[in-house]
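Okay, here's what each chain looks like letter by letter:
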Amino acid sequence: AQSVAQPEDQVNVAEGNPLTVKCTYSVSGNPYLFWYVQYPNRGLQFLLKYITGDNLVKGSYGFEAEFNKSQTSFHLKKPSALVSDSALYFCAVRQNTGFQKLVFGTGTRLLVSP
Amino acid sequence: DSGVTQTPKHLITATGQRVTLRCSPRSGDLSVYWYQQSLDQGLQFLIQYYNGEERAKGNILERFSAQQFPDLHSELNLSSLELGDSALYFCASSVGGLAGASTDTQYFGPGTRLTVL
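Chains as they are written, first to last, in our numbering: chain X, 1 to 114; chain A, 115 to 231.
Keep in mind that the hints were calculated from the coordinates and are not lab data. Don't take every hint at face value.
[Unchecked claim] Which residues of chain A face chain X? A few of them, derived with a C-beta cut under 10 Å, are:
(1) G142
(2) F183
(3) P184
[What the hints assert, rightly or not] If we take Cβ atoms under 7 Å as the criterion, some of the chain A residues that face chain X in the derived model are:
(4) G156
(5) A170
(6) G172
(7) F178
(8) T219
(9) F222
We put the CB at the ideal spot given by N, CA and C, even for glycine.
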């Protein structure tokens, strides 16, 4: 069975500083990996995904994520954080075979201070 | 805006009651997924429909059922409601739905917040 771990409940960064939100996964076979963001009282918004190919994936709003197969990680990054990036971030995984359900991590709250 | 719509936004009801949540997928998407987000369980997959047929089941209670109609909208029916059913229910949609064949992204609706009193 697949699983996702987001080891940090909350990440605090100052505006303008780089940010990293961590994610590790466990899945049989090759993974499909996703990052979503949830703003208060809103649904989940898709940020980016890794399917295959280049280990560095670029997504929306200046976010990127690095896939590391040996460390089974898919950390979300941004070179310069904005206050408006403050939200709840979810990492998700699914297998590349079988059913398409997404398995989500517990979420990491990002707080960017001015 | 993802293009996935859900109604109602909020629902307040009493224990023992039955409610129906509705979802319209993005134009052209054939798959609909239902997820439950609660404080204690996090985000959990409930069920998937593809072009009107049930495709996969997750942690969905027997008191819950869903269907996808010919126009591809979907409804999630929750019955004999308990306090613990209070949660945010999300619908997502994607283009395809065949097992293993798709690298599709699932796009989520804004959710329906269910409060059971």
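Taking the hints in turn, this is what the structure says about them:
| no. | hint | verdict |
| --- | --- | --- |
| 1 | G142 | 16 Å, violated |
| 2 | F183 | 20 Å, violated |
| 3 | P184 | 22 Å, violated |
| 4 | G156 | 5 Å, holds |
| 5 | A170 | 4 Å, holds |
| 6 | G172 | 6 Å, holds |
| 7 | F178 | 16 Å, violated |
| 8 | T219 | 5 Å, holds |
| 9 | F222 | 4 Å, holds |
Figure legend: structure checked against the earlier numbered hints; hints not met, in rising order: 1, 2, 3 and 7.
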